[in-house]
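Peer 1: Sequence:
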Amino acid sequence: MKPMSRSDLTDNICPVARTVARVGDAWSLMVLRDAFLGRTRFDEFRRSLGVAPNILTDRLNRLVEAGLLERRRYSERPPRDEYRLTEMGYDFGPVMDALTVFGNRRLPRAEAAA
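Counted from 1, the sequence shown has number 110 at position 110 by our numbering; the numbering is strictly sequential.
Don't take each hint at face value.
Said to hold, decoys possible - Label pairs and their in silico Cβ distance ranges:
1) C14 to E111: 32 to 40 angstroms
2) F36 to M1: 35 to 43 angstroms
3) F36 to E65: 17 to 25 angstroms
The set of hints was computed from the structure by calculation and includes no laboratory data.
For each residue, glycine too, the CB sits at the ideal point set by N, CA and C.
From just these sequences and the hints, can you work out the full model?
Peer 2: Shown next as structure tokens:
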């Protein structure tokens, strides 16, 4: 049996597989979390997440390609873009809320569990 690839998931009959293919890694989810918190600019995401620039660039590009974020130019010199949630991105909000509820309920921070 051959292992599944990301492209296999993208066109899968299962809606969970199709969603995971687009947002199924930690950095993508964290970028989306920050977008829901109002962050829009590369430097804001970078400062909040502490992620390497190449990884952040990759995840922003993937989320734009997936239709969850849109890129808008806000400066021509130097060229700078911001990233805003699309209608599809906003539709992902209940998923983010569910992850937050689950994390708070079932995965408490070590300090809170003591």
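Peer 1: Hint compliance check: list the failing hint numbers for this structure, sorted ascending.
Peer 2: none
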